[in-house]
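Visitor: For reference, the chains in residue letters:
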Amino acid sequence: MKRLTLSLAAAACLLTGSVQAGPENNSLNITWGGELATLDRYYNVLREGIIVGRLVWDSLLFKDPETLEFKPLLAKSYSFVDNTTIDFELREGITFHNGELFDADDVVFTLSRMSDPENGVLTQRNVNWIDSVEKLGPYKVRLNMKKPTPIALEFLAGPLLIYPNEYYARVGPEGMGMAPVGTGPYIVTEFKPGVEIKFKRNDDYFKGSPKGKPQIATIHQRTIPDINTQIAELLAGTVDWIWKVPTDQAERMQNRSGLSVVNAQTMRLGYLSFDSSNRTGNGSPVNNVLVRRAISHAIDRDAMVQSLVGGSSRVAHSACHPVQFGCEQDVVVYEYDPRKAKALLAEAGYADGFTIDFHAYRNRPYAEAIMGYLDAVGIKPNLVYLKYAALRDKVYAGEIDFNFMTWGSYSFHDVSAITSHFFKATKDDYARNEQLIADLTLGDSSVDREERKQAYSRALKTIAENAYWLPLFTYNVNYAFSDRLNFVPNADEVPRFYSASWK
Amino acid sequence: MQLFILKRIGLAFLVALFVSFLSFILLRAGGDPAIAMAGEGASEADIEFIRVQFGFDRPVMVQYYDWLSGAVRGDFGQSTYFSSTVAELIAERLPVTLKLGVAALIFAILLAVPLGMIAAVYPNSIIDRTALGLSVLGQALPNFWFALLLIVVFSVWWPLLPPSGNTTWQHFIMPTIVLGYYATPALMRLTRSGMLEVLRSDYIRTARAKGLGPLQVIGKHAMRNAILPAVSLSTVQFGYMLGGSVIIESIFALHGIGQLAWESILRADLATVQAIVLILSLIYVGLNLTGDLLNALLDPRIRVT
Numbered sequence: 022m023k024r025l026t027l028s029l030a031a032a033a034c035l036l037t038g039s040v041q042a043g044p045e046n047n048s049l050n051i052t053w054g055g056e057l058a059t060l061d062r063y064y065n066v067l068r069e070g071i072i073v074g075r076l077v078w079d080s081l082l083f084k085d086p087e088t089l090e091f092k093p094l095l096a097k098s099y100s101f102v103d104n105t106t107i108d109f110e111l112r113e114g115i116t117f118h119n120g121e122l123f124d125a126d127d128v129v130f131t132l133s134r135m136s137d138p139e140n141g142v143l144t145q146r147n148v149n150w151i152d153s154v155e156k157l158g159p160y161k162v163r164l165n166m167k168k169p170t171p172i173a174l175e176f177l178a179g180p181l182l183i184y185p186n187e188y189y190a191r192v193g194p195e196g197m198g199m200a201p202v203g204t205g206p207y208i209v210t211e212f213k214p215g216v217e218i219k220f221k222r223n224d225d226y227f228k229g230s231p232k233g234k235p236q237i238a239t240i241h242q243r244t245i246p247d248i249n250t251q252i253a254e255l256l257a258g259t260v261d262w263i264w265k266v267p268t269d270q271a272e273r274m275q276n277r278s279g280l281s282v283v284n285a286q287t288m289r290l291g292y293l294s295f296d297s298s299n300r301t302g303n304g305s306p307v308n309n310v311l312v313r314r315a316i317s318h319a320i321d322r323d324a325m326v327q328s329l330v331g332g333s334s335r336v337a338h339s340a341c342h343p344v345q346f347g348c349e350q351d352v353v354v355y356e357y358d359p360r361k362a363k364a365l366l367a368e369a370g371y372a373d374g375f376t377i378d379f380h381a382y383r384n385r386p387y388a389e390a391i392m393g394y395l396d397a398v399g400i401k402p403n404l405v406y407l408k409y410a411a412l413r414d415k416v417y418a419g420e421i422d423f424n425f426m427t428w429g430s431y432s433f434h435d436v437s438a439i440t441s442h443f444f445k446a447t448k449d450d451y452a453r454n455e456q457l458i459a460d461l462t463l464g465d466s467s468v469d470r471e472e473r474k475q476a477y478s479r480a481l482k483t484i485a486e487n488a489y490w491l492p493l494f495t496y497n498v499n500y501a502f503s504d505r506l507n508f509v510p511n512a513d514e515v516p517r518f519y520s521a522s523w524k
Numbered sequence: 477m478q479l480f481i482l483k484r485i486g487l488a489f490l491v492a493l494f495v496s497f498l499s500f501i502l503l504r505a506g507g508d509p510a511i512a513m514a515g516e517g518a519s520e521a522d523i524e525f526i527r528v529q530f531g532f533d534r535p536v537m538v539q540y541y542d543w544l545s546g547a548v549r550g551d552f553g554q555s556t557y558f559s560s561t562v563a564e565l566i567a568e569r570l571p572v573t574l575k576l577g578v579a580a581l582i583f584a585i586l587l588a589v590p591l592g593m594i595a596a597v598y599p600n601s602i603i604d605r606t607a608l609g610l611s612v613l614g615q616a617l618p619n620f621w622f623a624l625l626l627i628v629v630f631s632v633w634w635p636l637l638p639p640s641g642n643t644t645w646q647h648f649i650m651p652t653i654v655l656g657y658y659a660t661p662a663l664m665r666l667t668r669s670g671m672l673e674v675l676r677s678d679y680i681r682t683a684r685a686k687g688l689g690p691l692q693v694i695g696k697h698a699m700r701n702a703i704l705p706a707v708s709l710s711t712v713q714f715g716y717m718l719g720g721s722v723i724i725e726s727i728f729a730l731h732g733i734g735q736l737a738w739e740s741i742l743r744a745d746l747a748t749v750q751a752i753v754l755i756l757s758l759i760y761v762g763l764n765l766t767g768d769l770l771n772a773l774l775d776p777r778i779r780v781t
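Residue numbers (my numbering), protein chains in the order written: chain F, 22 to 524; chain D, 477 to 781.
Just so you know, these hints were derived from the structure itself, not from any lab.
Careful: at least some of the hints might be erroneous.
Some chain D residues close to chain F (C-beta under 10 Å, calculated; not the full set) [as the list claims (entries may be wrong)]:
(1) Phe494
(2) Asp508
(3) Ala518
(4) Ser559
(5) Ser560
Small disclaimer: the values here were computed from a predicted structure and weren't measured.
A virtual CB, placed ideally from N, CA and C, is assigned to each residue, including glycine.
Starting from the given sequences, assemble the full structure and let the hints guide the process.
Guide: Next up, the structure:
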């Protein structure tokens with residue numbers, strides 16, 4: 022038996038090869054499912070692209086994930102000249118991974134190039150508020166906005182990474198996408214699109230960066246589409262970190278020795294949207310505010326959070342994520358009360374209920390739970406389950422009167438990334454309320470924080486009062502990793518491996 | 477014979493053209509590709525920008541004509557997701573899938589043919605029943621479940637094989653078994669029935685009467701004729717394996733053409749999906765055409781019909 026065990030162990034070594042990582046050689050093996058085609062952050066829209074972006078590049082500012090406070094990163098300091106102008110003093114003595122010196126030319130080049138629509142940056146929203154960027158000195162730049170943009174700092178601390186002007190002018194998006202060069206805490210040593218990325222620590226990373234000094238020497242990322250295979254890799258010890266583990270699997274992994282399973286909130290919010298303004302022209306029952314209130318009372322969101330969604334999710338009452346700036350919580354709350362729901366339906370003239378198409382694109386069990394609650398008060402929902410692109414197409418075309426969808430707010434801690442997106446006369450806006458649009462426009466353009474807060478407060482109260490939306494709950498994500506790894510997840514769903522270390 | 481060949485080639489060409497047209501239309505019927513490309517959460521302006529930039533705002537027939545005129549020259553266009561041409565992408569990923577397909581086919585033949593022969597030589601015996609049981613199991617097991625079972629046993633409980641990746645030959649062992657096992661039942665049953673028929677034929681009786689040993693009779697005289705139908709079936713099975721590798725490649729993270737197809741569908745990379753559908757259908761049509769022509773060569777009656 023002993024001989025058999027030994028020969029099996031030998032065979033195991035022969036077959037699996039040496040994929041050992043961990044504290045012994047200060048390396049980290051991670052895996053995720055999204056296939057990154059390019060590492061140029063301006064030309065990919067995947068969340069995994071954000072993770073890589075923060076490792077390889079720096080932006081002018083940094084948002085502290087704990088305090089949500091903006092701190093200078095590549096900038097030494099910044100000041101608002103007026104509502105549409107910001108001046109930046111830049112840090113000196115920083116070099117890019119290829120040895121190119123960082124200065125004002127890099128900032129002017131990057132922001133000017135990316136904000137030019139000709140260059141086709143995929144998320145225009147991140148850049149289309151920039152009017153121009155001027156060089157005021159070798160380490161001083163001025164940014165002019167097209168109009169007051171209160172969330173400019175969010176962009177400057179998030180997606181707007183600074184590229185080396187000479188290198189980028191030479192290689193373009195394709196070259197940068199394959200062989201990225203930044204100032205960030207990690208250097209890409211190998212990239213096979215959609216397959217793997219290898220990083221090594223930038224030992225010359227500048228002192229005083231709010232990102233801190235990177236600890237882990239090398240990081241090897243592999244793309245594995247199937248979550249079950251990822252879990253198998255983690256259990257086999259060939260991978261140290263995975264995320265987006267389904268709740269039931271995460272619960273089973275909790276008690277396994279050698280693993281840490283951590284649940285963290287994300288910025289994603291689930292909601293029910295109603296056609297309050299009869300955009301569809303169908304004269305849907307949900308045009309009636311009493312029906313919308315009835316539906317809001319019919320659904321037991323607390324029970325859904327407890328038994329279905331789980332983790333650190335919580336019920337939302339306001340049409341925004343509770344951690345966002347301006348997310349007023351003092352709004353009308355629709356408690357679970359099926360009797361009241363039935364009474365409201367009767368008052369609206371639907372004592373016998375009605376049949377309605379109910380559209381959804383993800384989390385089918387959640388959609389089915391909602392249907393169960395609606396059925397209990399006499400409403401017969403007919404589930405139409407579509408792909409995201411197909412559903413959004415129909416929403417834009419004004420064809421959907423009742424749907425369950427979610428929104429991630431681009432991980433921005435500001436209600437303009439969600440409430441204004443849905444209620445400011447956009448294609449997503451099914452409320453079309455003039456006063457609401459005016460309040461949101463004021464909130465989006467004022468740079469006075471108090472004025473913004475009040476404008477958003479009025480808007481969110483209007484939404485809740487009229488039940489234009491029924492906010493459902495916040496989403497969460499499960500991380501599973503070696504218990505010898507120091508890793509802290511953040512609420513913005515961007516794992517920061519530059520802060521990770523081995524115990 | 478020449479007319480027959482021309483007819484068959486013409487028909488194969490029409491089938492490939494029809495498949496490409498149908499997939500082109502269906503892919504665009506599944507929702508606006510610009511929305512899927514922009515990602516969940518993009519703004520209206522972002523989506524509109526992408527729609528114009530990639531020409532999705534043009535009529536579908538114009539888009540199809542453009543694509544087809546490029547495709548006949550071997551130019552499948554630029555992937556809208558990966559920053560390379562579709563031709564480069566396929567050239568990079570196809571070898572992995574072909575390797576897996578060939579390995580799985582060899583595995584299936586090596587398992588099915590001996591099992592089928594033994595089952596025929598000892599009909600209704602315990603060996604026959606076991607072989608039948610194995611083949612039923614192969615057909616009944618969902619391949620994704622079987623794949624996960626193998627991973628749990630051979631990578632987690634008993635770490636003998638790497639769970640995913642494609643860098644060494646060890647990475648191909650489990651995917652080969654899963655993909656090959658699924659093709660085994662049909663091949664085995666066909667070998668068994670072919671062998672039973674051959675064993676009852678006059679020339680085998682003659683061979684036995686001449687005093688040849690069982691090994692010589694079965695191995696030399698019977699097997700050649702008995703496995704012919706199984707060999708022609710295996711060409712079709714090969715085409716099936718290339719198509720069926722989508723799930724297996726995703727589970728084992730093999731990064732072949734199957735996984736590329738899956739990822740491209742999710743990311744609405746229509747140019748890539750379109751090219752993969754065309755290439756797989758061409759391979760399938762090509763295999764069928766070869767089978768038809770070979771049969772016609774061997775059996776003159778087919779040429780007339």
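Visitor: Decide, hint by hint, whether the structure agrees.
Guide: Here is what the structure says about each hint:
1. Interface restraint check: Phe494 (chain D) against chain F, minimum CB-CB distance 25 Å, threshold 10 Å, status violated.
2. Interface restraint check for Asp508 (chain D): the shortest CB-CB distance to chain F comes to about 5 Å, inside 10 Å, so the restraint holds.
3. Because the closest C-beta pair between Ala518 (chain D) and chain F is about 7 Å apart, less than 10 Å, the hint holds.
4. Taking 10 Å as the C-beta cut-off, the interface hint given for Ser559 (chain D) holds, the closest approach to chain F being about 5 Å.
5. The criterion of a C-beta within 10 Å of any C-beta in chain F is met by Ser560 (chain D), whose closest approach is roughly 8 Å, and the hint holds.
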